[in-house]
Amino acid sequence: GAVVSQHPSWVICKSGTSVKIECRSLDFQATTMFWYRQFPKQSLMLMATSNEGSKATYEQGVEKDKFLINHASLTLSTLTVTSAHPEDSSFYICSARRTGGGDEQYFGPGTRLTVT
Amino acid sequence: EDQVTQSPEALRLQEGESSSLNCSYTVSGLRGLFWYRQDPGKGPEFLFTLYSAGEEKEKERLKATLTKKESFLHITAPKPEDSATYLCAVQNTGTASKLTFGTGTRLQVTL
Numbered sequence: 811g812a813v814v815s816q817h818p819s820w821v822i823c824k825s826g827t828s829v830k831i832e833c834r835s836l837d838f839q840a841t842t843m844f845w846y847r848q849f850p851k852q853s854l855m856l857m858a859t860s861n862e863g864s865k866a867t868y869e870q871g872v873e874k875d876k877f878l879i880n881h882a883s884l885t886l887s888t889l890t891v892t893s894a895h896p897e898d899s900s901f902y903i904c905s906a907r908r909t910g911g912g913d914e915q916y917f918g919p920g921t922r923l924t925v926t
Numbered sequence: 008e009d010q011v012t013q014s015p016e017a018l019r020l021q022e023g024e025s026s027s028l029n030c031s032y033t034v035s036g037l038r039g040l041f042w043y044r045q046d047p048g049k050g051p052e053f054l055f056t057l058y059s060a061g062e063e064k065e066k067e068r069l070k071a072t073l074t075k076k077e078s079f080l081h082i083t084a085p086k087p088e089d090s091a092t093y094l095c096a097v098q099n100t101g102t103a104s105k106l107t108f109g110t111g112t113r114l115q116v117t118l
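Note that the protein sequences, when read in sequence, are chains A and B. Residue numbers for the first sequence follow this note's numbering, beginning at 811 and rising by one. Residue numbers for the second sequence follow this note's numbering, beginning at 8 and rising by one.
Since the hints were derived computationally from the structure, they do not count as laboratory data. No experiment lies behind these values; they were computed from the predicted model shown. It cannot be assumed that every hint is accurate.
Calculated pairs, PhoX-like style, for lysine-lysine (alpha carbon to alpha carbon, straight line, at most 20 Å) [stated by the list, open to error]:
| no. | chain 1 | residue 1 | chain 2 | residue 2 |
| --- | --- | --- | --- | --- |
| 1 | B | Lys105 | A | Lys874 |
| 2 | B | Lys86 | B | Lys105 |
| 3 | A | Lys874 | A | Lys830 |
| 4 | A | Lys830 | B | Lys49 |
| 5 | A | Lys865 | A | Lys824 |
| 6 | B | Lys86 | B | Lys76 |
| 7 | A | Lys851 | B | Lys49 |
| 8 | A | Lys865 | A | Lys851 |
| 9 | B | Lys64 | B | Lys49 |
| 10 | A | Lys865 | A | Lys830 |
| 11 | B | Lys66 | B | Lys86 |
| 12 | B | Lys105 | A | Lys865 |
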């Protein structure tokens with residue numbers, strides 16, 4: 811159990827366009843989901859925390875108007891990178907905490923975004 | 008500010024050669040310490056949660072321990088399939104669900 815999927819697994823987009831990444835908890839409900847960014851050979855940096863039905867909480871330095879997060883159901887959160895630029899190219903990973911479960915987060919497989 | 012430091016940065020072991028990975032942490036109030044395994048190009052896989060000093064958890068060839076300042080991940084008789092990056096993270100009692108990660112230890116196990 812505790813499987814999290816992400817779609818797409820990789821995406822290439824042109825500068826100035828927007829791209830949406832989906833994160834789904836497949837076999838459990840997740841009131842809280844998280845979005846991370848990871849640069850090569852670096853650790854995971856939390857971008858934002860989203861709770862089902864409410865606005866996301868963004869970490870300091872993360873532009874909320876650029877990285878739009880929606881957590882519309884207990885199994886789905888989406889991250890939309892708006893007006894993408896090459897510096898937004900990165901590995902984006904989501905995670906989910908099981909509703910009523912422990913503190914551990916279960917991670918998706920990640921989405922590789924390349925902006926040209 | 009919470010801080011997590013992992014050492015060594017990289018470790019190369021021969022199959023069967025046991026060793027330990029270190030995770031030192033600074034946190035105002037520890038709610039939990041987490042170990043994850045990450046394979047290249049994939050998301051982290053949950054291994055253990057430790058909540059209090061003296062606690063130990065085991066899974067196959069891995070054993071995690073916790074003190075008030077650090078955690079160790081002991082790998083006994085590793086196999087090549089144990090090769091991965093091992094990440095440590097802490098959760099502060101005052102910052103809800105947020106995890107602060109270390110930069111990881113890249114482990115390579117050779118035949």
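Please work out if Lys66 (chain B) and Lys86 (chain B) have their alpha carbons no farther apart than 20 Å. holds, 14 Å
Are the Cα atoms of Lys865 (chain A) and Lys830 (chain A) separated by 20 Å or less? Given pair Lys865 (chain A), Lys830 (chain A) holds - Cα atoms ~17 Å apart, limit 20 Å.
Quickly compare the C-alpha distance for Lys865 (chain A) and Lys851 (chain A) to 20 Å and report which way the hint goes. violated, 31 Å
What's the verdict on Lys105 (chain B) and Lys865 (chain A), does the C-alpha distance respect the 20 Å limit or exceed it? holds, 16 Å
Given pair status - Lys830 (chain A), Lys874 (chain A), alpha carbons within 20 Å: With Cα atoms ~14 Å apart, Lys874 (chain A) and Lys830 (chain A) stay inside 20 Å; holds.
Lys64 (chain B) and Lys49 (chain B) were given as a pair; does the straight-line alpha-carbon distance stay at or below 20 Å? Violated: Lys64 (chain B) and Lys49 (chain B) sit about 24 Å apart, past 20 Å.
Checking one constraint from the list: CA of Lys865 (chain A) to CA of Lys824 (chain A), max 20 Å. Satisfied? Violated - the C-alpha atoms of Lys824 (chain A) and Lys865 (chain A) are around 28 Å apart, more than 20 Å.
Do the alpha carbons of Lys830 (chain A) and Lys49 (chain B) lie within 20 Å of each other, as the hint requires? Holds, because 19 Å separates the two Cα atoms, which is no more than 20 Å.
Pairwise hint evaluation, Lys874 (chain A) against Lys105 (chain B), where the allowed Cα distance is 20 Å at most: holds, 18 Å
Do the alpha carbons of Lys86 (chain B) and Lys105 (chain B) lie within 20 Å of each other, as the hint requires? violated, 33 Å
Does the alpha-carbon distance linking Lys86 (chain B) and Lys76 (chain B) stay inside the 20 Å limit? Violated - the C-alpha atoms of Lys76 (chain B) and Lys86 (chain B) are around 29 Å apart, more than 20 Å.
Hinted pair Lys851 (chain A) and Lys49 (chain B), Cα distance within 20 Å: With Cα atoms ~13 Å apart, Lys851 (chain A) and Lys49 (chain B) stay inside 20 Å; holds.
The earlier numbered hints that this structure contradicts are 2, 5, 6, 8, 9.
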